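According to this note's numbering, the sequence shown is numbered sequentially starting from 3.
Keep in mind that the hints were calculated from the coordinates and are not lab data. Be a bit skeptical, because a hint or two may be false.
[Claimed, not checked] Once the Cα atoms are required to be at most 25 Å apart in a straight line, the calculated DSS-like pairs of lysine-lysine come out as: (1) 78 with 90; (2) 249 with 58; (3) 34 with 113; (4) 213 with 173; (5) 173 with 34; (6) 34 with 269.
Remember, it's a predicted structure, so these values are computed and weren't measured experimentally.
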Amino acid sequence: MNPKHLSGLAALILLAALPFSARAVDVEPWRKPENAIVIDAYELNEIDWSEMLSDKRIAGFISKASDGLPESYSCKGEHSGDTVAHCKTMWRKYAVSRELYETRRLLARSKGLLWGAYHLARPGNPVDQANHFLDYANPQDDEMMVLDIEGIDPDTYMSLADAQVFAGHIKTRTGRYPVLYTNHSTARYIAAHRDEYRILSRLPLWYARYKPGIEGAFPMGNWDNYALWQFSAGVNCSKRRCPYRVKGALNDIDVNVAPMSKAALGKAWAFGGLVPEKPFEPVDEMLTASIPAGGALKATVEAAASIGAEAQTTGAVTLASGTTTSFPVSVTAEVRAGLAAKGAATAALGQRVVDVTPLNYQDF
């Protein structure tokens, strides 16, 4: 394995091992001058490079590379409903955008910036898209590769199953995995289904969320932290207010923060490994308990519980590791004489949940 790959993976493992307060600032980490800033852009972002580079906090630049499947130069065959004329227009746009990509890379690297490239994943053959990305971006060993998944609708975006194939093919051809770029809701979905998406859920996470704080977002599945956080874009940056203004660029430029210094980011870049996979805990058997309440109430509580994992029945139940834990329970009850019930329940955890006791019934 390339020693550079090891250094990026080691940085991720070290990041995960630190106390959470030290690993990432949950609220506006971009205000801390020691945290590195990374810019990302696509072909329509206007940039005055002399102005932008005057901001010495900027450590890297990630450019859009390929988008879905490659355009057909000959415009023969199917074009997803496009006319031949539109196909030729898209080819010219593709040729110009690729030249812009190469120009930006040459300029950025000559100025000492870290470089990365992302593929905007669309429906279609994931192996062909991976090959298209590698042909377009021609990534070097010290350049970040990114798979951009914008959502989970397979009719609009690459399916998560295909995304795993894409990531695996990139690893086969380059010896490295890509970083995963996605938003909060998609990341949560992948984390909740990490048993199904064993590769995606372990790719280093480039996290997009346009909020000043992300308290409670991490840990999330296998991710104890983000590799990069995209915190500013056209959606939350205006003339009046913007989380971070980039010199020489308009408000629609994307801005990212790393939970580390420029020097540390330089050592971790371009990642390329997988974050450690957390162990899967066996799910306990379903427990049903009938609970009397002073002869006036009959209630049935059902909870699928596991030790140190998540389970869901009528509601979400999260259990932490330990011999005993508490969790909220919604009780479905036969109500008499205007009585209703809400409460919490305690569970003594072993290999199986052995007891459920209701607490804090309330008479309305």
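Tested hints:
1. 78 with 90: holds, 10 Å
2. 249 with 58: With Cα atoms ~11 Å apart, residue 249 and residue 58 stay inside 25 Å; holds.
3. 34 with 113: Distance of about 23 Å is within 25 Å: holds.
4. 213 with 173: With a Cα-Cα distance of about 33 Å, the restraint between residue 213 and residue 173 is violated, given a limit of 25 Å.
5. 173 with 34: violated, 35 Å
6. 34 with 269: holds, 20 Å
Of the numbered hints listed earlier, those contradicted by the structure are 4 and 5.
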